[in-house]
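Peer 1: Sequence:
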Amino acid sequence: MLATASGAITHLGSSSLLVPLSALYATALWRHHSAPLALRWLLALALCLGAMVVLKLIGHGCGLPDFPLFPSLFAGDRFISPSGHAAFSAVFYGSVSALAARNADSRWLRIGLPLAAVALVLAIGASRVAVSAHSGAEVVAGLTIGGLSALLFLWSSRKDGAPRLRPSPWLAGAMVLGLALLVHAGDPSFVEGTIRWAAHQLGSGAGLCELAGRAFPGSRG
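The opening position of the sequence shown corresponds to residue 5 in the numbering used here, with each subsequent residue numbered one higher.
Derived from the structure by calculation, the hints contain no laboratory data. These figures come from a predicted structure and were not determined experimentally. Note that CB positions come from ideal geometry on N, CA and C, so glycine has one too. Any given hint could turn out to be false.
[Claimed, not checked] Listed below are the simulated SDA-like cross-link pairs for lysine to any residue, each with C-alpha atoms no more than 20 Å apart in a straight line:
| # | residue 1 | residue 2 |
| --- | --- | --- |
| 1 | Lys163 | Pro40 |
| 2 | Lys163 | Ala32 |
| 3 | Lys163 | Leu152 |
| 4 | Lys163 | Leu46 |
[To be verified] Listed next, with one range per pair, are the computed distances between beta-carbon atoms:
| # | residue 1 | residue 2 | range |
| --- | --- | --- | --- |
| 5 | Ala120 | Trp159 | 17 to 23 Å |
| 6 | Trp112 | Arg162 | 19 to 25 Å |
| 7 | Trp112 | Gly54 | 33 to 39 Å |
| 8 | Ile115 | His36 | 22 to 28 Å |
| 9 | Gly80 | Leu43 | 41 to 47 Å |
| 10 | Ala50 | Ile115 | 27 to 33 Å |
| 11 | Asp109 | Ala39 | 21 to 27 Å |
| 12 | Ala32 | Asp70 | 37 to 43 Å |
Could you build the full structure based on these sequences and the hints that come with them?
Peer 2: Listed below in structure tokens is the structure:
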């Protein structure tokens, strides 16, 4: 039962689910006369995912230095591939909930939406450890990058009016169906495998580790 619940929660941070949802969210922002807001959202998302890809490439190809935060807490933890699920869920759910809270009529919603998003993102991060996909250090690294990206988006859009986006039952149904399919059939995402392959190619012949050694003195590069 616990394994099934962890599997369902962890899929809420899957790129197979969040990439199409992110595209739909950007489209909704654009259509509601908020093109600058949509572009800022896409930029924050690109920065988050770009940073994750770079760290994963270096981690798989050359090795990352020890996790710099809370060294006593995460001593001995594996730190090779920061959690993309944690980062993606932090930037997506964090940004969406905080922007929705700006325009909420109820004080409870203005407080409750961000708190619910934080609880969900932390649950997704914990599930990555529970399913043995990542260590605690890798999850915290992903949460940090995703959280900073969400804060960047919210800060850059602080003067923008938050558009009223009506909840769509069709979108909610598609999300539930997509999650059910992921739980039943597994996550078809090939992102991590592709990054591992690219890291091996770059690390062995393109000077990736030399560059990584200059950027991260503690890495094996």
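Peer 1: Please write out, lowest number first, the hints stated earlier that are contradicted by the structure.
Peer 2: Failing hints: none at all.
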